[in-house]
Amino acid sequence: MSIGARTLALTRARVGRPARVPGAAVLALAGLGVLAAAIVAAVAVGSVAVAPGDTLGILLRAIGLPVHRTWSPEAETIVLELRLPRVLSAVLVGGGLAVAGAAFQGLLRNPLADPYVLGTASGAALGAAVAVLIPVRAVFLDLGLLNVLAFGGALASVALVYRLGRGSGSLAPLTGLLLTGYAVGSLLAAGLAMTMFMSGSNLRQIFAFLLGGLEGSSWLQLGFAAPLIVGGSIAIVARARVLNGLLLGEEAAAHLGVDVRRERAILLALASLVTAAAVAVAGLVGFIGLVAPHLVRLVVGPDARRVLPLAAILGAILLVLADLGARLLGEIPVGVVTAVVGAPFFLALLRGTRSAYEL
Amino acid sequence: MSEPVAELSGVSVAYREHLVVRGVDLAIAPGERVALVGPNGAGKSTVLRVLAGLVVPRDGRVTLGGDPVASLGRAAIARRLAAVPGQASLPFATRVEEVVALGRLPHEDPFRGPGPADHAAVDLAIERVGIGSLRGRDVRELSLGERQLVLIALAVAQAAPLLVLDEPTVHLDLRHQVAVMELLADLNRREGVAVLAVLHDLALAAHFFPRLVVLDGGRVVADGPPARVLTREQVRATFGVDLAMLAGPAAIDEAGSELTAGTTGR
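Protein chains in written order, with the working numbering: chain R, 1 to 359; chain H, 1001 to 1266.
Be careful, since some hints might not be right.
Claimed, not checked - According to the in silico footprint, chain R covers these stretches of chain H (three or more CB under 8 Å from chain R):
1. 1061-1069
2. 1077-1083
3. 1171-1180
Claimed, not checked - Residues of chain H clear of chain R, computed beta-carbon distances all greater than 12 Å:
4. A1029
5. G1192
6. D1216
Just so you know, the hints here were simulated from the structure itself, not pulled from any lab data.
Yeah, the Cβ is synthetic: ideal placement off N, Cα and C, and Gly gets one too.
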């Protein structure tokens, strides 16, 4: 079989998803079941083993169910104060990045877009690096300076890209945004490189942020990030029809009743907010926001009303498992795990559908 | 007489300081079939964009179903005017029926999504346009002619009293050009949908449309049945070519490209 024929066959196979996919609700329920199992497994596993039965008991008791206590208080502390916030952070960050990625892909009509495409990553990285360089251990509302500056840096860079990209002369608005994002990102990357060059012994800390990691998670951080990520994601899901309208382009969306300028601004702001909150907690975790939406589209098609919630569940599962893997491998950065697993997978996806992606 | 589905009166449009539409009056009655013709840059597409509320005119009044477009929200406009989208590359694999279903966006409950009426409208549109055999296929694999039919089905599913098309036959082979024209005529006759189409091919326009509106330099220079509008003098004045080029059944396809060449040379 020639390469061309094989590519075509794969493309057809890809689109030849079952005509009636098991309802999105069924898939979502199944996904939530897997997510719950992954959470329990991730909370149970660690340097101090806690039996899965005890883990489940601790979790159920924590949410108020009358479970008889058969475990030691130390086990309870480890599970509830150390592991649970970390695993829940993985749930939120993974789910949020997947929703933001799906939103950026739909808004920019570009399958290679991810949550970091409009400068959030470089802005957050520069913010984090600057925070590492500042010698005072300033604490803002009990949050680390790094989290705060990463969050602010991400939002500031998107705002800059949006302001500059909108008025970029004769270019189509989307091309203008993408190219502006690239230009601003390059500038910020130069700032980051300079900061890293000057950071001396703190370099490792900056690298840890760039590679992503959840070891610093706490209930407090979660308390700040959760409303932003959950609220922002719900607001994005509520606008799923806008993303559907944009499938055929901005003019077509306008003809289908979408107020494109307004909705694009709102969705960009929401997706950037979710991304900024996620990177402030976990650093730059790659690939989840790119791959999870594509995986979901393979099964249920491009309808954003199904893609967004399912991608959130899948992104959460993937990051919980990736973080578990990172811990089992001796606390390697979680971004290394997502990249090592995600990149080959994504390459396979691209090879199978090469003819289908028009960029 | 019943209210026009769309009406422009004294409409002028300027892009920056450049006037592209000058004092256009145009009313489309319910169930009418109108072709908008004229050289490149005559303002045809702008007229369509003004009707859909995508461009705000400098002067004049634009109404859809009797209400000023400026007073209607985007979704309300989309329920009164269905525009067949231009060919666009889809970013993700998308099935034929998924694209047609996009036509229901202005009707769907924003939170509950499509209901039984929406599914029925999509099925009906697919059947009506005759693309049932394409169900389940990725729209990006289809030929341009097939894609055009899918996009028309999308607009049919939108179920608006006015169907608007901007050069629906561009890039299509002769067979698909005729198929699209016959489909439009049939939708118009059987469903009573008013059709307003920008066309470049005068022969197709004259054959399939009972009313032609000729736009030149942003003004309506002729309006009426083809026989009265496409006189030798009118065609020479507007397009700068001789009507003889349009004669002869075999010349239809080439006349289109000749016309384009003649226009750019003006």
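Status of the hints after comparison with the structure:
1. Requiring three or more residues with a Cβ within less than 8 Å of a Cβ of chain R, the coverage given for the region 1061-1069 of chain H is violated, as only 0 such residues are present.
2. For a cut-off of 8 Å, the count of residues in the region 1077-1083 of chain H with a CB near a CB of chain R stands at 6, and the three-residue condition holds.
3. Coverage of a stretch by a chain is defined here by at least three residues with a beta carbon nearer than 8 Å to that chain's beta carbons; for the region 1171-1180 of chain H and chain R the count is 0, and the condition is violated.
4. At the 12 Å boundary, the C-beta of A1029 (chain H) stays outside the reach of chain R, the nearest C-beta of that chain being 22 Å off.
5. Once the 12 Å rule is applied to beta carbons, G1192 (chain H) is consistent with being away from chain R; the minimum gap is 21 Å.
6. A cut-off of 12 Å between C-beta atoms confirms that D1216 (chain H) is not in contact with chain R; the least separation is 25 Å.
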